[in-house]
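There are 2 protein chains.
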Amino acid sequence: MSRWNELVATTEDRQREKREIVIRMAGAAFGRNGFYSTTLEDVAKSIGLTKAAIYYYFKNKNEILFECHKLAIQIAQKALEDAESEGRNGFEKLTLTVRNYIVGMTSELNFSILVDVSALKPEERSYVVSFRDKFEARMRSFVEEGIADGSIAPCEPKFAIFAIMGAVSWVPSWYSPAGELTGEQVADVLIGFLSNGLSPRT
Amino acid sequence: MSRWNELVATTEDRQREKREIVIRMAGAAFGRNGFYSTTLEDVAKSIGLTKAAIYYYFKNKNEILFECHKLAIQIAQKALEDAESEGRNGFEKLTLTVRNYIVGMTSELNFSILVDVSALKPEERSYVVSFRDKFEARMRSFVEEGIADGSIAPCEPKFAIFAIMGAVSWVPSWYSPAGELTGEQVADVLIGFLSNGLSPRT
Numbered sequence: 001m002s003r004w005n006e007l008v009a010t011t012e013d014r015q016r017e018k019r020e021i022v023i024r025m026a027g028a029a030f031g032r033n034g035f036y037s038t039t040l041e042d043v044a045k046s047i048g049l050t051k052a053a054i055y056y057y058f059k060n061k062n063e064i065l066f067e068c069h070k071l072a073i074q075i076a077q078k079a080l081e082d083a084e085s086e087g088r089n090g091f092e093k094l095t096l097t098v099r100n101y102i103v104g105m106t107s108e109l110n111f112s113i114l115v116d117v118s119a120l121k122p123e124e125r126s127y128v129v130s131f132r133d134k135f136e137a138r139m140r141s142f143v144e145e146g147i148a149d150g151s152i153a154p155c156e157p158k159f160a161i162f163a164i165m166g167a168v169s170w171v172p173s174w175y176s177p178a179g180e181l182t183g184e185q186v187a188d189v190l191i192g193f194l195s196n197g198l199s200p201r202t
Numbered sequence: 001m002s003r004w005n006e007l008v009a010t011t012e013d014r015q016r017e018k019r020e021i022v023i024r025m026a027g028a029a030f031g032r033n034g035f036y037s038t039t040l041e042d043v044a045k046s047i048g049l050t051k052a053a054i055y056y057y058f059k060n061k062n063e064i065l066f067e068c069h070k071l072a073i074q075i076a077q078k079a080l081e082d083a084e085s086e087g088r089n090g091f092e093k094l095t096l097t098v099r100n101y102i103v104g105m106t107s108e109l110n111f112s113i114l115v116d117v118s119a120l121k122p123e124e125r126s127y128v129v130s131f132r133d134k135f136e137a138r139m140r141s142f143v144e145e146g147i148a149d150g151s152i153a154p155c156e157p158k159f160a161i162f163a164i165m166g167a168v169s170w171v172p173s174w175y176s177p178a179g180e181l182t183g184e185q186v187a188d189v190l191i192g193f194l195s196n197g198l199s200p201r202t
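In order, the protein sequence lines correspond to chains A and B.
Using the UniProt record's numbering, the letters of the first sequence correspond one by one to residues 1 to 202.
Using the UniProt record's numbering, the letters of the second sequence correspond one by one to residues 1 to 202.
Calculated directly from the structure, the hints in this document are not laboratory data.
Just so you know, these numbers come straight off a predicted model, no measurement behind them.
Honestly, I wouldn't trust all of these hints.
Copies of the same chain are indistinguishable here, so a pair counts whether it falls within one copy or spans any two.
[Claimed, not checked] With a straight-line Cα cutoff of 20 Å, these simulated EDC-like cross-link-like pairs (lysine to aspartate or glutamate) come out: (1) K158 to E67; (2) K70 to E123; (3) K61 to E156; (4) K121 to D42; (5) K78 to E123; (6) K158 to D188; (7) K70 to E92; (8) K158 to E180; (9) K158 to E184; (10) K61 to D13; (11) K121 to D82; (12) K51 to E123; (13) K134 to E124; (14) K158 to E144; (15) K59 to E86; (16) K78 to E92.
Take the sequences, apply the hints, and build the full model.
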């Protein structure tokens, strides 16, 4: 009986693992080629599975897309929480969030930022959009905290977050798992620009 | 005869004008709702035309998408050229390009950045992608010039451009023609962040 349970647990673990691999590989492909241009056939091929095997785990391509969004939300949520407990001022909380998020996305999801929510079902879309709003609000509060504690220059927090989210959303175009930079290094470079800008330090 | 020519010219002008309006309104809708989720019916309604009237000017939705990309390329090309002749150093050329591009896109195309090229035909896609490469190369050369003339802090030009293009690509999410900021003001705020970053000036 315990052997049976063990076997069942192992099978469940392996199935969860396989599901996760499909989500990650599909997410990377959606990010690279666009959701509509990526077929499940492409995704299956990139993992060495058959299309039928993928249908064992997922109803359709849209279900996988929503799972990708849910994984990205988990990564973002953890990025926020860790930054909040580790950062000693507003600037550190803000930049740690950016760093944790980039490192998480590059390692977990091959960094596909899923900007386009138009392919999601209405209830899925509002789930994703409402998380984004909360995420951005939390980021804004870090900027406000930083302005108050002197670690961030006075600015309009809303616009600071727009500029930062934009720079982060562009990371997929310069990060490649096979490329010259690790996720950590990409995060460092980006945070450097966000912190100091282009102007020469005098 | 001259009256006839006049009439023909006027008709041609008006037809060109109408075509341009369709391109702009469709571009804004594609940017807002995604290309695949936008129907020509939606676009027609937003202009007060019938769908049939749109088919008089364009073969299909894909033709309009490519026209949007071509308009964006014209705006970007002009942004570069004007910046090159007006900027007195690398920093000015770089930030003027960003400013001209944002002002052009907000006024001409309601600022839809068309990141997704997957809906374009292969030859259209390579046209767009090869222009993007040239645009980014020119921007990089402005950064190199700025580092050499002391107007930009030493950095890796490639990564600076990635961060800048990212921030620019996010503008549609904070610019609305009916919103609180003009295109000029959006450009000012963004250039401020790109120049000085978040760190307090000491």
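The hints, checked one at a time:
1. In the homo-oligomer, the alpha carbons of K158 and E67 never lie at most 20 Å apart, since the shortest distance is 29 Å inside one protomer and 33 Å across protomers.
2. Proximity of K70 and E123 under a CA criterion of 20 Å is satisfied intra-copy only: 13 Å inside one chain copy versus 35 Å between copies.
3. Taking the closest pair of Cα atoms, K61 and E156 never come within 20 Å of each other, the shortest separation being 40 Å inside a single copy and 39 Å across copies.
4. In this assembly of identical chains, the alpha carbons of K121 and D42 lie at most 20 Å apart only when taken from different copies (19 Å versus 23 Å within one copy).
5. Proximity of K78 and E123 under a CA criterion of 20 Å is satisfied in neither setting, with 23 Å inside one chain copy and 42 Å between copies.
6. Proximity of K158 to D188 under the C-alpha cut-off of 20 Å is restricted to the inter-copy arrangement: shortest distance 14 Å between copies versus 23 Å within a copy.
7. In this assembly of identical chains, K70 and E92 lie within 20 Å of each other by CA distance neither inside one copy nor across copies; the values are 26 Å within and 42 Å between.
8. In this assembly of identical chains, the alpha carbons of K158 and E180 lie at most 20 Å apart only when taken from different copies (12 Å versus 33 Å within one copy).
9. In the homo-oligomer, the alpha carbons of K158 and E184 lie at most 20 Å apart only across protomers (17 Å), although the nearest pairing inside one protomer, at 26 Å, exceeds that limit.
10. Taking the shortest alpha-carbon separations for K61 and D13, neither the intra-copy value of 23 Å nor the inter-copy value of 46 Å comes in at or below 20 Å.
11. In the homo-oligomer, the alpha carbons of K121 and D82 never lie at most 20 Å apart, since the shortest distance is 31 Å inside one protomer and 44 Å across protomers.
12. Taking the shortest Cα distances, K51 and E123 never come within 20 Å of each other, neither inside one copy (27 Å) nor across copies (30 Å).
13. In this assembly of identical chains, the alpha carbons of K134 and E124 lie at most 20 Å apart only when taken from the same copy (16 Å versus 38 Å across copies).
14. Taking the shortest Cα distances, K158 and E144 sit within 20 Å of each other inside one copy (10 Å), while across copies they are farther apart (31 Å).
15. Taking the shortest Cα distances, K59 and E86 never come within 20 Å of each other, neither inside one copy (40 Å) nor across copies (57 Å).
16. Taking the shortest Cα distances, K78 and E92 sit within 20 Å of each other inside one copy (16 Å), while across copies they are farther apart (39 Å).
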